[in-house]
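Student: Residue-level listing of the chains:
Number of protein chains: 4
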Amino acid sequence: MPTLDFHPTGRHFLQIPGPSPVPDRILRAMSLPTIDHRGPEFGALGLKVLSGMRAIFRTKHPVVIYPSSGTGAWEAALSNALSPGDLVVMYETGHFASLWQKMAAKLGVQTEFLAYAGSDEHLPNAPSWRRGVQADMIEQRLRRDTDHRIKAVCVVHNETSTGVTSDIPAVRAAIDAAKHPALLMVDTISGLACADYRHDEWGIDVSVSGSQKGLMLPPGIGFNALSPKALAASKSAKLPRSFWGWDEMVEINKDGYFPYTPNTNLLYGLDEALAMLQAEGLDNVFARHQRWAEGVRAAVAAWALPIQCADPAVHSPVLTGVITPPGVDADAVRRLIYERFDLSLGTGLGKVKGRMFRIGHLGDSNDLTLVAAIAGCEMGLKLAGVKLADSGTQAAMTYFASHPAPALLRKVA
Amino acid sequence: MPTLDFHPTGRHFLQIPGPSPVPDRILRAMSLPTIDHRGPEFGALGLKVLSGMRAIFRTKHPVVIYPSSGTGAWEAALSNALSPGDLVVMYETGHFASLWQKMAAKLGVQTEFLAYAGSDEHLPNAPSWRRGVQADMIEQRLRRDTDHRIKAVCVVHNETSTGVTSDIPAVRAAIDAAKHPALLMVDTISGLACADYRHDEWGIDVSVSGSQKGLMLPPGIGFNALSPKALAASKSAKLPRSFWGWDEMVEINKDGYFPYTPNTNLLYGLDEALAMLQAEGLDNVFARHQRWAEGVRAAVAAWALPIQCADPAVHSPVLTGVITPPGVDADAVRRLIYERFDLSLGTGLGKVKGRMFRIGHLGDSNDLTLVAAIAGCEMGLKLAGVKLADSGTQAAMTYFASHPAPALLRKVA
Amino acid sequence: MPTLDFHPTGRHFLQIPGPSPVPDRILRAMSLPTIDHRGPEFGALGLKVLSGMRAIFRTKHPVVIYPSSGTGAWEAALSNALSPGDLVVMYETGHFASLWQKMAAKLGVQTEFLAYAGSDEHLPNAPSWRRGVQADMIEQRLRRDTDHRIKAVCVVHNETSTGVTSDIPAVRAAIDAAKHPALLMVDTISGLACADYRHDEWGIDVSVSGSQKGLMLPPGIGFNALSPKALAASKSAKLPRSFWGWDEMVEINKDGYFPYTPNTNLLYGLDEALAMLQAEGLDNVFARHQRWAEGVRAAVAAWALPIQCADPAVHSPVLTGVITPPGVDADAVRRLIYERFDLSLGTGLGKVKGRMFRIGHLGDSNDLTLVAAIAGCEMGLKLAGVKLADSGTQAAMTYFASHPAPALLRKVA
Amino acid sequence: MPTLDFHPTGRHFLQIPGPSPVPDRILRAMSLPTIDHRGPEFGALGLKVLSGMRAIFRTKHPVVIYPSSGTGAWEAALSNALSPGDLVVMYETGHFASLWQKMAAKLGVQTEFLAYAGSDEHLPNAPSWRRGVQADMIEQRLRRDTDHRIKAVCVVHNETSTGVTSDIPAVRAAIDAAKHPALLMVDTISGLACADYRHDEWGIDVSVSGSQKGLMLPPGIGFNALSPKALAASKSAKLPRSFWGWDEMVEINKDGYFPYTPNTNLLYGLDEALAMLQAEGLDNVFARHQRWAEGVRAAVAAWALPIQCADPAVHSPVLTGVITPPGVDADAVRRLIYERFDLSLGTGLGKVKGRMFRIGHLGDSNDLTLVAAIAGCEMGLKLAGVKLADSGTQAAMTYFASHPAPALLRKVA
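Residue numbers (our numbering), protein chains in the order written: chain C, 159 to 571; chain H, 159 to 571; chain D, 159 to 571; chain F, 159 to 571.
Just chain C, same shape as in the assembly (with noise of 0.2 Å):
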């Protein structure tokens, strides 16, 4: 058995902004033992679970889940949808955008990539990965587009290479005032049960979602939510596609089952993702992912670092980017931190890599782990030689203490 003591003692410390800490009442559930994916009680459990994630997504129309990682879900969402050599208009917000936009391409679709234009005194080489979509952009891209080439606006809700939380409403409203026909195709794989979402009420046709972040469970499970609109494209898109079509899914899951093998045990995990969930209120869900997003934040400006996200009108409840200091690799001080204080940070990527970490606040959480990461960090920083304004610990307990959250404390059934 895999003993997972590169750490001899203690609970390590998965701050990363995914996958997220997976709650003991998962992990048990997803060890019960595996049943026929073609019997009757299999077909309850997947009715139960497909219904449960629509009321995650908000939507009335199917979800489709299949067993792969988020990327296979954007891959699903791309060549159901699309044929061979249509444009789509996609906007870079950060490294998660940047991949879309390369597997889009890789896939035969043709591709503009929005972003935004201004500078940035920090991260001068990625501006656009310190804001979120900028709605009047793709709208004057639409009305352009006066033939319709454009046959979907794909962009990032949060994305979780920055700390970003796009305002997806404003980019629905976008398209609906260029009165342009695209798809609106949205990522919110680390978005989805952590911050607000809503795929009917906000026009969504095609969301694509994972299991590692606000569902709680390990990574293995990917999500499309439809609608009919989308639907109706796929029946004459035209990008080869089998494992990912949305079709034979649709129809046999209306029985509960799956096309082909589903992976079982972590549907086990889901089911009880779900439970946990629906227990809490998706309301008290995103008011607790807000809460600890402000008491981090409050650790970062008391060290006086630049949090990644330069807009704080779409600061992330889910992670927060830290820029370090020029001359400091934000890389290895993520190491000295992992080594010494047995915390994982998410590392920079692509564009910024090597100047900023991240610290995932998200899933199953709670406050003493924040300040934990939060101290985490702070020594790690020390340590490398930066110059810190001020406890950032500090600042966070003096959050905490003085924002509680709502009465916790539950009656045993």
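The set of hints was computed from the structure by calculation and includes no laboratory data.
It cannot be assumed that every hint is accurate.
Copies of the same chain look alike in the list, so a pair counts if it fits in one copy or across any two.
Quick list of in silico lysine-lysine cross-link-like pairs, BS3-like style, CA-CA up to 25 Å [to be verified]: (1) K393 / K218; (2) K393 / K337; (3) K511 / K412; (4) K264 / K393; (5) K509 / K264.
Once you have looked at the hints, place chains H, D and F on chain C.
Tutor: The following block gives chains H, D and F in isolation, referenced to the frame of chain C:
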């Protein structure tokens, strides 16, 4: 938490040909906390399971691990190695061979689907589903392909829908005899780690497999084992692919990491499964399955019911298909057995729906479990009004009692 | 981690009359993190399991939960209710009744050990071990005790060493008929939650039980259920006691807590076990065990081997003892079965060592598991050279197939 | 299944001085299926854990494992070695020493309870609870006992209620200096596997311990380590005993078995715990606890709150008691901290109820977990209106950052 209590007491007998029963050790391993898939501990784990899987496939070349089902691994094989419109020869051994053929067609590959041309007494509509791959048919077809339009030959090693284990070296010999450059792709989803399989020695270019059969894991991992020739072919192959792309995988796997989030907790299980298989020794694993299969076939012979596989030379060590008498709905018998005896059997798929059921005898099992499964079948068949020539349970007991397995008792480490 | 791999593959068949197989749900529940046994969450748990255990014992009076084995619960019963030199009447139904008698003597209690006085064909040295408690012998003894020197009558409800379930209401009636004030103490370690048992209605003063039988838990919890009369007796009883003391336990239990550290994780399992038993209903639990016992006895009858319990009126629903023919070492047969078929059977204890083995049919089991166990016995007996009249496996299959259990299929909540 | 959801998200911080947090590896090990405690696999396990425990106690003589709490192991020590009316000298270091004394009295042993006779500024009612055993007082008492009426000296190694680790070799030296034959009995329930302890070298006759502290298991196992002299004394000792009897235990343990049903699943956990401790090395384990304790005491010093242990020479490496200012109800602070920050602290027991709380820093922990616990205390104390001189959190961070632990990173096997 799911309670899995459709049957209120006792352990379910999961005798479908996969997912096979998952050993407690593996379920426990999978329930360890999820770690950072970009951290140093993960890299060590990744290298370990990649190396272990090469030993299972008996290859020195790269093995690719997907967070997907085996169906995904099929798609990976096709989309990496082929271009739109390429011609491939496939061979109909059963339902899964047929599904693979349909997938190829969906992906834009041109397929020729060879099949045994004879007649069959018991299943006149599916004679090809009772026999293994006829290598001479493949050889003849390839010899006719003088301009080498055929890019690949795709066959199923152990056809899970029928219980036929085709002779793969014979297929290799056929291709060689025809001096044809086509790639040889083999689905060994249910064969791997149950029946002898040698990727390198048998000259296979792409092997396709999954986690939920001989590897004793829950579903959720797909594998490709590659030859240098397959890797070379992928450089120029033009089917669109991103998630399935071998190139990034093989490159990043060198350090034990993955290009996108892997399903970490299943990899914990894979590590434990590899430890168990290594401790037993692959040859012992294969002998164990052969012995079980003989015991089960002794039971079916006592009942005097036809075995789905009509050719004793290719009887599967993994599962045994049992044809029910004309007029007896095999699925009704299965349902009765499930409800009365808490035993899951494999259904007849596709062309043989309702005409047969399948007894899985693979992975984490033992003599008494198989005797119980046979007893469950026997009671159910009788309750369904099927006349049985003799007691299969007794026949299996006689077989197992008179054919002792090699010494089983272990020492404590 | 222990690998439990004395047998390399498949699930062990644990058919001893306890510890019985522990359901996955309970093992998972037990693996949740340990909490503070003085905190509010523990108090809620404590109240829940104490209340649940009163329902299992069918009592309104206190139940005491010890972090100990059932043997400890015996000592608790004696040391709380008796004084040094007190006279108690015990009844020899088998090995465990004998051990309890020895314990009483060790603790300084004077014992009279009644036993069936007749002869026995098969086990001439242990005729009393093939029959239940003869209540009339107890009545006669008590009637002679005109000065009430006898302080307690101690009997075993379900004698685990023999498979005899004595008639406890008859013992109560005997005491009442003799108008004797002695306490009635009953060991129902293996009877509870398998066979009907009613602490209050049957007028029992101290019931003794354990976790590893009908409650389907691992060993490690002992129980006492008390009557007001027993509690009153404990006020003046003078055997030294501290760990086992009822007084502090009952007092502190009122709030769900314990006077010393309880074994928290087993209590998690107890909570789950109670939920399972409540969902099924105790009367269904008892009927289920009766049906299994009949199936197993049908097998033994087919073999034409004598059942340890000579009196059909008191055949145990929990286990069946099987006497081997003269000259056949039952333990050699058991060892052969263990090594060849991965099946654990109960050994003959004390006076019947080597002369019999025991098949447990209790707790978390089902028809096919019992058929497998019987098949394992049958193969092993034959390999050991025992002539069997007919196939017990077939007889059990016929019984189970023709006596369907009540509808088992459940709905998903 | 218990949901343990009094706090809806994140991991509870269990910082009581036992039960200590149970590592995932141990919880997983404990959830393996229960086996036959009379079968060969169990015997191998039994021998392994018995041998492992001798290494932990640093003894070559028998160690006895009870399915009980540590309280039971106390009773075992007394009832095996003593006779009714025997005189024993005990020493009041705190609540647990007092409970042991009460137990001895209940069992019919005559006790003299020595205590530090000085005064104390902060806890005038409990000066003896702030200091370690005064070996000279014991020596003087023994010297006066010229006719050797005193049969045993009983002291607590690490007093869990106060955080004082007494000097056991000094007690041994005192007994030797007095040339007294009394047995030396030591409670090291919370000391074992946290603080240095040497049963043989220190001349201890009976060591008493439990599973839920340094061994990192859930509660439910009690231990006695014995000297030949203790075993000899038990031959003539007359306190009634059966469950606790060393004689049968030691005899039957020779083959790895137990005289009555052991708590098998906790023994799986013990096997895993021993593997973890052996891998780390006991001296590293002790150094780890010392370092943590220094960090925690640095925090309390920064707060300028008195530490319960007034003598720095005997500060416990296992836990630290913190005295709250006069008028501040420590339990009210603890409750606030529990409700607001999901952190469990140890309560003040007996004479110090409401006057102090205890921070456990033992077993499966690490720097960040302790920083979090200290931060939780700090926030709670402030919210309760306690004036703190300085930030203890900062002090602990400074300590841990400037005192790196020995290299922690491990290699994958």
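Student: Evaluate each hint against the coordinates.
Tutor: Consistency of the hints with the structure:
1. When the C-alpha separation of K393 and K218 is checked against a cutoff of 25 Å, the pair qualifies only within one copy, where the shortest distance is 20 Å, while the shortest distance between copies is 43 Å.
2. Taking the closest pair of Cα atoms, K393 and K337 come within 25 Å of each other only inside a single copy of the chain (23 Å); across copies the shortest separation is 42 Å, beyond that limit.
3. Taking the shortest alpha-carbon separations for K511 and K412, only the inter-copy value of 21 Å comes in at or below 25 Å, while the best intra-copy value is 45 Å.
4. In this homomeric assembly, K264 and K393 come within 25 Å of each other (Cα to Cα) both inside a single copy, at 22 Å, and across copies, at 13 Å.
5. Taking identical chains as interchangeable, the C-alpha atoms of K509 and K264 lie at most 25 Å apart only when both belong to the same chain, with a minimum of 20 Å there against 38 Å between chains.
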